[in-house]
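Participant: From first to last, the protein sequence lines are chains B, X, D and Y.
If you're matching positions, the first sequence starts at 113 in the working numbering and goes up one per residue.
If you're matching positions, the second sequence starts at 113 in the working numbering and goes up one per residue.
If you're matching positions, the third sequence starts at 113 in the working numbering and goes up one per residue.
If you're matching positions, the fourth sequence starts at 113 in the working numbering and goes up one per residue.
These are calculated hints, taken from the structure and not from any lab test.
A portion of the hints provided could be inaccurate.
Remember, identical chains collapse to one label, so a pair may be satisfied in a single copy or spanning two.
[Claimed, not checked] In silico BS3-like cross-links for lysine-lysine, where the CA-CA straight-line distance does not exceed 27 Å:
{"hint": "1", "residue 1": "Lys185", "residue 2": "Lys254"}
{"hint": "2", "residue 1": "Lys214", "residue 2": "Lys250"}
{"hint": "3", "residue 1": "Lys236", "residue 2": "Lys250"}
{"hint": "4", "residue 1": "Lys236", "residue 2": "Lys138"}
{"hint": "5", "residue 1": "Lys254", "residue 2": "Lys149"}
{"hint": "6", "residue 1": "Lys254", "residue 2": "Lys214"}
{"hint": "7", "residue 1": "Lys149", "residue 2": "Lys185"}
{"hint": "8", "residue 1": "Lys257", "residue 2": "Lys181"}
Residue-level listing of the chains:
There are 4 protein chains.
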Amino acid sequence: MNKSRLEAFSDGVLAIIITIMILEIKVPEGHEFADLKPLIPKFLSYVLSFIYVGIYWNNHHYLLHGLSKVNGKVLWSNLHLLFWLSLIPVSTGWMGEHNFEKASLALYGIILLGCAIAYIILQKIVLDVEGKDSLLQKAIGKDFKGKVSAILNIIGIGTSFFNEYISGACYVIVALLWLVPDKRIERVFDSNN
Amino acid sequence: MNKSRLEAFSDGVLAIIITIMILEIKVPEGHEFADLKPLIPKFLSYVLSFIYVGIYWNNHHYLLHGLSKVNGKVLWSNLHLLFWLSLIPVSTGWMGEHNFEKASLALYGIILLGCAIAYIILQKIVLDVEGKDSLLQKAIGKDFKGKVSAILNIIGIGTSFFNEYISGACYVIVALLWLVPDKRIERVFDSNN
Amino acid sequence: MNKSRLEAFSDGVLAIIITIMILEIKVPEGHEFADLKPLIPKFLSYVLSFIYVGIYWNNHHYLLHGLSKVNGKVLWSNLHLLFWLSLIPVSTGWMGEHNFEKASLALYGIILLGCAIAYIILQKIVLDVEGKDSLLQKAIGKDFKGKVSAILNIIGIGTSFFNEYISGACYVIVALLWLVPDKRIERVFDSNN
Amino acid sequence: MNKSRLEAFSDGVLAIIITIMILEIKVPEGHEFADLKPLIPKFLSYVLSFIYVGIYWNNHHYLLHGLSKVNGKVLWSNLHLLFWLSLIPVSTGWMGEHNFEKASLALYGIILLGCAIAYIILQKIVLDVEGKDSLLQKAIGKDFKGKVSAILNIIGIGTSFFNEYISGACYVIVALLWLVPDKRIERVFDSNN
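Put together the whole structure using the sequences plus the hints.
Facilitator: This is the structure in structure tokens:
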């Protein structure tokens, strides 16, 4: 079973997800700079989601790089992850359209949590294929960052009903956590290749 | 003739089909959770179609994996399959927009049947190229699942005029039939590679 | 210079062009079969354009298969072809929306002619790179089909101002001409590989 | 770390960006040739942006061709470039919708400048990976064209507040500068491969 088509299909879907989000930012009707003002929340939510999809692409890249064999479980858990990621544009649009209103922040968090759980499942399945002594297992270790992200996500969802700022801050912190490239994985693979 | 471009183009089209369906789910106008309620049928029809396109990608992956030579017939029967698959987003949108109304269920079934027939044609052409004693022929066997799916599809179309639930159930059962990874194909290839 | 990225990028653009055309077919507002009736001209124009883009992908596939070296001229004449092809969805939508009205048929023909000329230019540049004695040159020969297509295209544009049926027939005949796989190219390459 | 997925993902995003711009050109409501007239500024802005994205794809192609190792910095600076490029369709649409009004020309220039700066950053990071004596460093040299482009971009933004023609001319000149294939890079690589 060849891994390259799995990667190509995932790259295609991720490339489309990251790009169609821009379609939520409609061309403003007026022609003054002031007409761009209502686009600001949309733009900010676009930036945040762009970073999130970028992070998932990045991690997906590393994860599949360490995979040596594709089976049915890997294919479907990968599609499951892509499904959750495909919901990001709609919830990003809702959040931007309504200026980070409580419900839209909660929904955004729920979808991010869905993505995080789907990623953890995919990672578990890939690790099952590779075995406990694999390079990938060493690289991922206890997946501290993954767990912290999921917890921050849940806090973001919970607080979204009371305070938009705390909730938004949670989502931004998760993004920043991952924006820093994962030195662990790079280090382990570099020292072995 | 190189197979990789055929796969790359098909992956591209399938990735776009699976992702643009989300564009049918428009951002709700209100900002309360209650405003998401009308999106439920759209979401459910999206989930169903996502699974269907995923299944076709999966099967297409296995089918072309077993193909050794590309010719004009393969190219055109592949495009024919992609054509039918490209109609899924519109009929999914119609079904979701009108809460699984009779006519929309019938149209959805007709398009799924078109996809199924196009797939059977492509499979036949690939098998003609590979020959009767090929691994692929052994893996596919009598294509029991493919035939059952087509029959359930036809039942779904027929019953859609009388009862939406039976019709919908047919389409869901077909999806579930395929969601279980095709052990046969995996087994045959694994034991030979 | 690697050819694979040129192919990958072209495949991506062609896959998107062939798929976004379906976005011109908007979900009908009613939920009866009768509500699908106004979609018929849109559907027919979609089928025609799908075949055209499929033909271009097919021919592009063969043409680049015979290319051994990529240079700046190839890159830009390829982009030039993609530009013309990218205009197909809009003119397809216009033609479908207005039931094959005279002006929309003329515009469609102009864009098809643009594609045909862009393809001839790309072909010439590829042949210049490969040389007169190349396999590709033999396979293409005098490009009889290409010339007939361009002439039929021009007739289609000219007649569109008087009679929609003759004009439409010209475009359909060109599509049918190419739908038959190009035996010449396949034969020459097959006998040499 | 494999470069091919980075290229595939970038190709996917660039292919989508270059193609979704066409979605800003909505099908005209009337069915006469005269109804196409309001589309002219949209079409012109589409042509300009198509060329710009084509240039970036071209240069990106050459730049990554000379890259031998992918690391986290390369991944993120590449995503950063894709982010700026993804903003081109919206600003193109705004410019076309409002007939090259002052504010829309300024915004277009700002986004082009963002792309140019992002490209310079990516180039710097790639050169850091490759080292001062690399072929790529020789090929790029002092990046005269890159610097002139950035300056013309800034002039375009500044003049957009006073005179649309001078501003637009700046953007067109930058595009023409790059449309001529970069002989330097081709020459250096050709003489070494």
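Participant: Any hints from earlier that this structure breaks? Give me their numbers in increasing order, please.
Facilitator: 2, 4, 5, 6 and 7
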